[in-house]
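Participant: Protein chains in written order, with the numbering used here: chain A, 1 to 285; chain B, 1 to 294.
Chain B regions said to be covered by chain A (calculated; three or more residues, Cβ under 8 Å): (1) 119-125; (2) 166-175.
Listed next, with one range per pair, are the computed distances between beta-carbon atoms: (3) L12/B - I91/A: 18 to 24 Å; (4) L177/A - P210/B: 31 to 37 Å; (5) Q255/B - T45/A: 33 to 39 Å.
Hints in this document: simulated from the structure, not taken from any laboratory. Since this is a predicted model, take the numbers as computed values, not measurements. We put the beta carbon where it would ideally sit given N, CA and C, even for glycine.
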Amino acid sequence: MRDRTFAPSRMLIYLVVLLVAVAYLVPLIVVVLNSLRSNEEIAQTSMIGWPLRWAFGNYLTAWSDFCVAQTCAGIRPYMLNSALVTIPATIFSTLLGAVAGYAVSLWRFRGDQWIYGIVTLGIFLPQQMRLLPWTIVLRDMGLMNTLTGLVMIHTIQGLSFTVLFCRNYYVSVPQELIRAARIDGAGFFRIFWRIILPLSPPILVVTVIWQFTHIWNEFLYGVTFTTGQQQPVTAALIALSAAVADIPQNGVQSAAVMIAALPTLLIYLIGGKYFVRGLTAGAVK
Amino acid sequence: MPGVVRRLPEHLTIWVPLLLSAAHLVSFSLWTIWISFTPSTLVPVSGWVGLRNYTAVMATRNWKIAFDNLLLFGSAFVLLSLVAGLVLAILLDQRIRGENALRSIFLYPLAVSFVVTGTVWSWLLNPGLGIQKLVQDLGWTSFRFDWLVDRDMAIWTIVIAAIWQSSGFAMALFLAGLRSVDADLVKAAQIDGAGPIRMYRRVILPTLWPITITVIVIQLQFAISTFDLVRALTNGGPGLATQLPALVVYDLMFQRGLLGRGAAAAVLMLLILLAVLLPYAAWRYLQRRRASHA
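If we strip away everything but chain A, and leave its shape as in the complex, we get (with noise of 0.2 Å):
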């Protein structure tokens, strides 16, 4: 069954494989097509089709010219809240998430299993529980409708991710090569630095590659807690359809919605092969 002739039923393998793949792009290549056509083109025909002119200026106009709410400044601004959120979130969950990992798997400590126990719920606990609790607390720090208010929450809720994936991946690390190091007279962050950061880079990639991709794509809190020219990306790509409803302008449109994707498929193309392991990982906890 597993040879590699070309009998029909293996050509009948390739061709429906192929087909799926095929409408599995149609959506990407679609709005690939549109952003390169003028939204009188678009209007004339369908978002369908291919362009008689190439209207590369969308790119252009959607980077710094069009308006969302009042403010024509493109979606540049955006783009730059979701980096200042995105970026510094993932660094310090990642970190944390690297040392507090380290410290329930090899360091070990009283209490270590409950505080992993609690910690890993969140994964589970819907965002919709946190709402009202962080609108309090970013209200009484005086950090609601800013970019660090943003940071701080991802940073926390990511830590539930984060400590699960460095866990996993150093309870496979020999507890003899902690206790040697003791014995020398190194101490946690010695150990640490020399012995876990070295083996670390492998679950380091695969965590900021998880912790980007869902920071950068988070909706809910972004919405809830930024507004105008506070919000990340993703809202303003609600904001601008809803902008834009009376007059069409889905050639702009399209050329936003690709630079607003490009970070995230930048880096699946990139790190494909570590994506996958954090969404496996994360699966068979």
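Could you slot chain B onto chain A? The hints should help.
Facilitator: Here is chain B on its own, set in the frame of chain A:
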């Protein structure tokens, strides 16, 4: 004492992040549960109204429709993405050329945000812009594909977009499962003269059911918390046709300023989730115990 002081940085680094995480999970959940029993409207107030918020939420048409939609969307999405994922995994497992490229294609939607997915599908499914318009322009003028604006069918547009986005996830897990099937088992069945179909039905697929349950639970968890996708694709409409619990929570909390009822709706969402997760946790526990006894 000096030992404790010397080790203070270490204790702080270990405990502060873990405690922050654990404390926010526990206190936030308890606080939201508490609010759901208070008469809070625009601001949180103390007081006790018993289950009144819950009965009020469950009596609204909004919640009833959202709950029915969740049942339909959840079961259709989980079932279809399970089938799609399994079929794709089996096909990819036939040692075909270009497997890596194909796998990347089936998985790339997972890297994209639900907002982007919803927006793109709202164009494709828009009768005046997308597939229907294209087919009509090609000459089949009576062609209809207007589920997006059809109250009875609109929920299926959410199913389509959700399957596009995350059936690759089911495929990835199934493929990992297929790759870990015991080679001796397969060989033994081949010697017994089992054909490919019999092989899958009798030997390979039965080993996949633990993965199947994991996939079902994760996809259900996703279905229960679906919010962004609907906001971008239909915004709950037409009318209330694609309303889901997460949208009801948001609407009550931030648009109507009914915090008590919003919190009650959030707790109801948590209860639905627990109805899925607790049996799963019990099953996992039994599995592990059996494994450690064996």
